[in-house]
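Model the full structure from these sequences, guided by the hints.
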Amino acid sequence: MSEEVLVELRHVHKKFTTRHVLPVDEETRKRRLFKKRDVHAANDISFTIRRGEIFGLLGPNGAGKTTAVKMISGLVRPDSGTVFVNGLDVEKKRRQILRLVGVVLEGTRTSLWPLTPLENLIYYGTLKDVPGALLRPRAHDLLDFIGLKDKKNIQVRRLSRGQKQKLAICIALIADPQVLLLDEPTTGLDVLSGRAIKDKVMEMTREQGRSVLVTTHDMHVAQELCDRIAIINNGEMITCRRTDELLDLFSEQVFVFKLNQSVDPTEFSLIPGIISAQMEESSEGPSLVVQVVREPETLRSEALYAVPSRLWQSGCLLHAVSQRQQNLESVFLHLTDSAVKR
Amino acid sequence: MSFFRVMKAEVVRSFIIMRRYWFRTLTGMVIGYGMLMVLIAGFIYSKGGAGDKISQFDNPAAATNFVLGFIIGMFAFGVVGMFTQGLQSMATTGVLEQLCMSPHGLAVNFMAQTMVGAVSTIISSGILVYAVTWSVGGMLHWDMFPILILLTLTFFNLVGFGFMVGGLVLVFKQVGQIAIIVRMALFALAVFAREEILNQPWPLRFFLHMLPITDATISIKYVLSGGQMVDKITESGETIQVFSSVFTHPSFYWLIVSCIVWTVVGLTVFRILEDYSRSKGTLGSY
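Listed in order, the protein sequences are those of chains A and B.
Per numbering that gives the first Met the number 0, residue 0 is the first one in the first sequence, and the count goes up by one each step.
Per numbering that gives the first Met the number 0, residue 0 is the first one in the second sequence, and the count goes up by one each step.
All clues stand as given, with none of them false.
Between beta-carbon pairs, the in silico distance windows are:
{"no.": "1", "chain 1": "B", "residue 1": "25", "chain 2": "A", "residue 2": "59", "range": "48 to 54 angstroms"}
{"no.": "2", "chain 1": "B", "residue 1": "274", "chain 2": "A", "residue 2": "240", "range": "35 to 41 angstroms"}
{"no.": "3", "chain 1": "B", "residue 1": "24", "chain 2": "A", "residue 2": "175", "range": "34 to 40 angstroms"}
Source of the hints: derived by calculation from the structure; they are not laboratory data.
No experiment lies behind these values; they were computed from the predicted model shown.
Every residue, glycine too, gets a C-beta built ideally from N, C-alpha and C.
Below is the structure:
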């Protein structure tokens with residue numbers, strides 16, 4: 000992966016206003032004449048995507064992921080802030096940027112169902128201004144690359160959902176874009192199709208040097224694919240780090256104490272150096288889950304000594320102690336939950 | 000150059016679909032023919048003033064006039080529909096988002112799509128007009144040059160109007176439903192448009208002239224049905240028919256004016272609303 004930045008969002012804001020006529024008021028349960036509501040889809044969002052990088056954008060429904068994708072592709076104009084692709088301002092050089100960006104948006108058919116995959120690629124290639132001499136060989140190469148070679152002359156309506164999604168990726172790639180934006184690329188696909196798409200995304204970045212932005216709900220996809228991850232919630236950027244850093248951020252801090260009986264976790268959360276303490280019940284019995292500070296190390300160490308000592312004092316039997324291995328899902332839940340509480 | 004590349008893609012796409020679904024194309028035409036004949040029969044045997052209507056159809060030229068109005072109405076209905084219902088269905092399927100991301104721009108893509116769609120509509124409508132006119136015993140005056148000029152002007156007139164409505168659909172997707180009423184109104188106007196409807200007080204007359212279909216229909220009927228002939232009273236008081244080119248007909252000039260107005264207004268409104276829909280975030284979505 001190179002350090003060259005291909006996509007940059009700089010302090011981007013976007014607010015959508017929804018208007019409802021005769022809505023039911025949630026508090027009073029009475030019908031109002033008119034209601035106007037502002038939704039912040041992007042609130043001072045800034046991030047960069049480097050050449051050859053897979054960048055993941057995570058967030059719950061309505062967090063603003065698709066809006067970010069649409070702002071990069073010029074489908075939505077930011078209220079303020081700037082979006083750059085390959086150093087060009089999307090608002091000022093939209094036509095040029097459309098040649099650099101390929102997009103697969105979530106939940107759309109994209110392809111023309113009465114046509115075959117090959118015909119679709121030639122149609123969209125012409126619309127995207129791909130020179131005639133390059134178009135047909137490139138369409139064949141793409142179908143070969145994505146694994147639709149034997150389906151190239153079958154009408155799209157006869158293809159499976161996974162195959163249609165693969166075709167949508169081919170359509171996004173037909174103009175040979177440097178940046179590929181994939182909005183929920185594996186949603187609704189079976190394990191095999193999802194796997195195939197993940198492999199192809201890897202190949203596109205690692206071997207072909209493209210930059211890919213993936214928005215997804217699937218933490219496994221993000222953890223497996225992405226070099227860096229940004230988590231957004233209600234239009235606000237919660238974090239943006241390398242995937243391993245993000246996992247590492249919490250992995251050393253959560254410890255599980257397996258006990259013979261439940262204890263009151265609040266008295267543990269008062270111990271200096273402990274961020275949170277809670278009881279969890281499983282088939283193996285109750286466990287006290289404690290999250291400690293990372294630094295300073297002495298405080299962390301004291302907190303970890305204090306927990307078994309306090310358990311001993313309360314007459315509780317300690318069966319085992321383990322460090323919880325974090326996955327992206329728990330990191331995501333932790334971060335979005337903290338953001339909501341804030 | 001850019002427009003012709005898009006046009007080429009659209010021609011290929013339409014041709015593939017037409018060829019692949021040839022049976023649907025053919026049955027569509029047969030159904031169209033049947034519907035027209037039933038409509039004519041219904042018109043003749045309807046209750047109110049049936050006698051007058053039957054006598055009207057004793058003259059095949061009147062039936063031809065009706066058929067022509069119907070076909071032009073269908074044409075208007077179809078062209079404006081490509082910008083409204085067509086746009087809505089593309090937005091639903093996600094094809095619109097891909098078109099929005101074409102470097103040629105949405106307006107160029109739409110223009111090409113509509114032109115290709117219009118050519119196939121004109122060909123199938125031409126066959127229908129001929130078949131129905133022949134069935135009712137009427138006669139058409141196929142004067143190709145004026146007809147091509149008139150159809151081109153009519154097309155751009157409707158496209159301009161369609162761009163305006165289409166722009167509104169980009170921002171307010173529900174406008175598409177209201178547009179059906181507008182299309183029906185255009186259709187009705189085309190069926191009943193003749194020179195007499197312009198005998199109104201000037202504000203209403205001006206409004207009728209500015210509608211994209213009034214003068215187009217009058218001019219096309221004047222050529223195809225009337226054969227560009229007008230009544231002239233000779234010095235001896237005898238009424239004779241003389242040739243008077245459509246290019247000297249007032250409706251032709253009004254057609255040019257409304258064509259320019261609608262093309263400029265339509266494209267300007269479309270660009271402004273396309274830009275506005277990007278701000279609202281409704282471009283390409285439904």
